[in-house]
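Work out the full structure: start from the sequences and follow the hints.
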Amino acid sequence: MNRRAFLRSTGVALGALALAGLPVRAQALEGEDLANLEKALQEALGKGFRDLTPSNLVRLTMPSIAESGANVPAEVEVELPSAQVKAIHLFADKNPTPRLASFMPMKALPAYATRVRLAETSAVRAVVETADGRLLLASASTRVTVGGCG
Amino acid sequence: MAIRVIVRLNPARPKAGEEFRLQAVAQHPNHPGTTRDAQGNLIPANYINLVEVLFEGEKVAEARPGPSTSANPLYGFKFRAERPGTFTVRLRDLSGDTGEGTTRLELA
Numbered sequence: 001m002n003r004r005a006f007l008r009s010t011g012v013a014l015g016a017l018a019l020a021g022l023p024v025r026a027q028a029l030e031g032e033d034l035a036n037l038e039k040a041l042q043e044a045l046g047k048g049f050r051d052l053t054p055s056n057l058v059r060l061t062m063p064s065i066a067e068s069g070a071n072v073p074a075e076v077e078v079e080l081p082s083a084q085v086k087a088i089h090l091f092a093d094k095n096p097t098p099r100l101a102s103f104m105p106m107k108a109l110p111a112y113a114t115r116v117r118l119a120e121t122s123a124v125r126a127v128v129e130t131a132d133g134r135l136l137l138a139s140a141s142t143r144v145t146v147g148g149c150g
Numbered sequence: 001m002a003i004r005v006i007v008r009l010n011p012a013r014p015k016a017g018e019e020f021r022l023q024a025v026a027q028h029p030n031h032p033g034t035t036r037d038a039q040g041n042l043i044p045a046n047y048i049n050l051v052e053v054l055f056e057g058e059k060v061a062e063a064r065p066g067p068s069t070s071a072n073p074l075y076g077f078k079f080r081a082e083r084p085g086t087f088t089v090r091l092r093d094l095s096g097d098t099g100e101g102t103t104r105l106e107l108a
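Residue numbers (UniProt numbering), protein chains in the order written: chain A, 1 to 150; chain B, 1 to 108.
For the record, the hints were derived by calculation from the structure and aren't laboratory data. Among these hints, one or two may not hold up.
[Stated by the list, open to error] The calculated DSS-like cross-link candidates involving lysine-lysine, where the alpha carbons are at most 27 Å apart (straight line), are:
#	chain 1	residue 1	chain 2	residue 2
1	A	Lys47	B	Lys15
2	B	Lys59	B	Lys15
3	B	Lys15	A	Lys107
4	A	Lys107	B	Lys78
Predicted model only: the values in this text are computed from it and were never measured.
Here you go:
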């Protein structure tokens, strides 16, 4: 292969790589791990990440930076009547066990607060199961300085 | 050994129809099963996996926390104040230990 052909082919390859990589990069959260999350979603809900609809009705509050992953406050609020919310689930993409908690608001308002462990910098998801079978999603990301799972 | 639970309301005396927060704090190490002790041995998992909130003996909310809950965990719920009564928060961990904390809801 001469120099010109080499430059042309690598140039094309790099260009294709940049094109393929950029759109994904642009919307990815820090610490995302969809493969790990997918497993946990299937286990907990029997549904995958594709079945979730991002929604503004779900508000997930996480700190952007946590010094210690052993104690990270997490809060979810859903702007729907209690009767329409069957369950609220919390997941952290990078945890060995991604499912953090599930909450069933029976007569309570659809809001839940707790403190969780994060193994490392991770995307955190709130998945809301509604009474009519929809799955609503809110995501956040927390940067962790010291892990809390080991 | 029973798990120690403290339950409190915020605001402590809500008005009728007002939203208030119910918080329960438990004294529990919540071992996730991935941490090691000083000798390097794996500490077996033992975490609280059931939280039930009862109002006047009737179950009004339930949470099922996983292994990744912090030590001495906090559980926060929101309710609307309707009538005075007693809230009970019941916890159970993997080893079968239980704990119970109560607080009284008085309307302002």
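Exercise for the section: Would you mind confirming whether the straight-line C-alpha gap from Lys59 (chain B) to Lys15 (chain B) stays at or under 27 Å? Expected result: With Cα atoms ~22 Å apart, Lys59 (chain B) and Lys15 (chain B) stay inside 27 Å; holds.
Practice task
Verify the proposed pairing of Lys47 (chain A) with Lys15 (chain B), using a straight-line Cα cut of 27 Å.
Solution key: violated, 41 Å
Problem - Pair hint Lys15 (chain B) and Lys107 (chain A), alpha-carbon separation not exceeding 27 Å - result: holds, 18 Å
Exercise for the section: Take the C-alpha atoms of Lys107 (chain A) and Lys78 (chain B), compute the straight-line distance between them, and say whether it is at most 27 Å. Expected result: holds, 10 Å
Consistency with the previously given hints fails for number 1 only.
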